[in-house]
Amino acid sequence: MIYLLAKAIQPVFSPANLLRYITFRAALAAGFSILLIMLFGRPVVRIIKRLALGEEIYEELPDRHKRKAGTPSMGGILIVAAIAISLILFADITNPYVLLSLVILGGMGILGFLDDYIKLRGHKRGIRKRWKFLAQAALALGVSLYLYFFPETDALRSTTNVLFLKNYVIQLGVFYVLLSGFVIVGAGNAVNFADGLDGLAIGLLAIVAGAYAMLAYVAGNVKIADYLNILYVAKAGEMAVVSAAVVGAGLGFLWFNTHPASIFMGDTGALPLGALMGFIAVVVKQEILLGIIGGVFVLEVISVILQIIWFHASRGRKRLFKMAPLHHHFELKGWPESKIVVRFWIWGILFALAGLATLKVR
3 MIYLLAKAIQ PVFSPANLLR YITFRAALAA GFSILLIMLF GRPVVRIIKR LALGEEIYEE
63 LPDRHKRKAG TPSMGGILIV AAIAISLILF ADITNPYVLL SLVILGGMGI LGFLDDYIKL
123 RGHKRGIRKR WKFLAQAALA LGVSLYLYFF PETDALRSTT NVLFLKNYVI QLGVFYVLLS
183 GFVIVGAGNA VNFADGLDGL AIGLLAIVAG AYAMLAYVAG NVKIADYLNI LYVAKAGEMA
243 VVSAAVVGAG LGFLWFNTHP ASIFMGDTGA LPLGALMGFI AVVVKQEILL GIIGGVFVLE
303 VISVILQIIW FHASRGRKRL FKMAPLHHHF ELKGWPESKI VVRFWIWGIL FALAGLATLK
363 VR
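Numbering (our numbering), first residue to last: 3 to 364.
Just so you know, these hints were derived from the structure itself, not from any lab.
The C-beta atom is built at its ideal place from N, Cα and C for all residues, glycine as well.
Be careful, since some hints might not be right.
Claimed, not checked - Okay, derived cross-link-like pairs now, DSS-like style, lysine-lysine, Cα gap no bigger than 27 Å in a straight line:
#1 K225 / K168
#2 K70 / K121
#3 K168 / K9
#4 K51 / K126
#5 K225 / K70
#6 K121 / K131
#7 K51 / K70
#8 K225 / K9
#9 K335 / K9
#10 K121 / K51
Claimed, not checked - Simulated DEER-style distance windows between Cβ atoms:
#11 K51 / V344: 39 to 49 Å
#12 F313 / R364: 34 to 44 Å
#13 P153 / G108: 15 to 25 Å
#14 A71 / Y170: 36 to 46 Å
#15 F313 / L7: 34 to 44 Å
#16 I4 / F313: 36 to 46 Å
#17 G108 / R22: 40 to 50 Å
#18 L101 / K225: 41 to 51 Å
#19 L352 / K225: 24 to 34 Å
#20 I49 / I112: 17 to 27 Å
#21 N169 / R132: 38 to 48 Å
#22 I310 / Q12: 50 to 60 Å
#23 F26 / V164: 30 to 40 Å
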């Protein structure tokens with residue numbers, strides 16, 4: 003909105019030209035997201051407490067989690083709202099990628115909200131997994147089909163970058179729809195797996211979003227993209243503003259979510275934020291790189307898969323980890339929660355730096 007206003011008045015008011023720069027608007031989006039959450043965080047916590055929407059702690063979780071029972075959940079409402087408002091104000095809302103970002107935030111946010119609400123009202127498993135997955139897949143494939151049939155550049159309709167290989171891309175044809183859908187759904191669920199300790203998932207999300215803010219800016223700048231031998235994607239630069247809004251919202255929410263947490267984001271936050279990061283990776287044609295930059299999320303998912311395989315292979319006699327996802331394994335080893343979270347953040351930063359470094363390793 004402000005971008006369009008600046009564009010309109012720039013001919014008669016030259017300072018407004020500053021608001022047309024992606025980097026400046028990205029900084030504004032990040033700062034405004036932080037401000038919104040800092041202003042409304044405490045009132046939202048009080049409202050959720052009043053509505054008795056507190057977290058239920060399952061018996062199978064480590065004992066230390068029992069003290070978290072009753073902590074307000076569904077804090078993702080605050081995060082999603084802050085990001086959406088920041089995008090409406092500071093992003094180019096005529097950009098199709100920005101509009102699709104809002105669709106994903108809204109759609110996945112509603113799904114996560116319903117799942118959380120059902121859990122908090124006594125049905126601890128929430129929406130049945132089958133229906134939950136189908137709803138995620140329908141939204142992700144809908145967005146993917148739009149990108150496939152209405153691309154900004156026909157040559158990029160089904161193309162993605164390949165790591166480490168200079169001037170080499172993969173053309174997937176219609177199968178690209180499946181890849182992009184998988185990335186969006188997979189990212190949403192990966193964040194959900196990691197959302198088990200105070201500050202863990204939201205801190206890692208902020209790190210991944212920061213990395214993709216840089217990647218989006220690079221992909222949307224024809225000169226830099228050409229210099230780094232990656233695909234130039236017209237209009238993808240606006241995803242830097244989207245990513246920056248996620249960083250800001252993540253840091254703002256971390257103020258209330260750090261140990262001991264005053265509020266949890268729940269599926270209301272984990273699903274839309276993870277799916278949004280998957281979508282951004284699809285837009286900037288760095289889907290494969292998400293597996294490196296989001297390496298901690300990948301390890302969390304792999305730990306669950308390996309635990310299940312190992313358990314069934316041993317006919318229920320052995321477990322590979324003390325508990326999965328991976329962060330619970332370290333809890334049961336006796337690590338303090340804050341130590342696990344900070345060490346996972348450190349690994350998250352290292353994975354993000356490794357991912358960004360691949361831009362020059364070609």
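Do the hints match the structure? See the list:
1. K225 / K168: holds (16 Å)
2. K70 / K121: Holds: K70 and K121 sit about 16 Å apart, inside 27 Å.
3. K168 / K9: Given pair K168, K9 is violated - Cα atoms ~37 Å apart, limit 27 Å.
4. K51 / K126: holds (18 Å)
5. K225 / K70: Roughly 50 Å between the alpha carbons, so the hint for K225 and K70 is violated.
6. K121 / K131: Cα-Cα ~13 Å, so holds.
7. K51 / K70: holds (13 Å)
8. K225 / K9: Holds, at about 23 Å.
9. K335 / K9: Answer violated: K335 to K9 is near 57 Å, above 27 Å.
10. K121 / K51: Cα-Cα ~16 Å, so holds.
11. K51 / V344: 39 to 49 Å: violated (28 Å)
12. F313 / R364: 34 to 44 Å: holds (41 Å)
13. P153 / G108: 15 to 25 Å: With a Cβ separation near 23 Å, P153 and G108 satisfy 15 to 25 Å, so the hint holds.
14. A71 / Y170: 36 to 46 Å: violated (53 Å)
15. F313 / L7: 34 to 44 Å: violated (58 Å)
16. I4 / F313: 36 to 46 Å: violated (53 Å)
17. G108 / R22: 40 to 50 Å: violated (27 Å)
18. L101 / K225: 41 to 51 Å: violated (26 Å)
19. L352 / K225: 24 to 34 Å: Cβ of L352 to Cβ of K225: about 29 Å, so the range 24 to 34 Å holds.
20. I49 / I112: 17 to 27 Å: Because 19 Å falls inside the window, the suggested range holds.
21. N169 / R132: 38 to 48 Å: holds (43 Å)
22. I310 / Q12: 50 to 60 Å: holds (57 Å)
23. F26 / V164: 30 to 40 Å: holds (33 Å)
Checked against the numbered hints given earlier, the structure breaks hints 3, 5, 9, 11, 14, 15, 16, 17 and 18 and satisfies all the rest.
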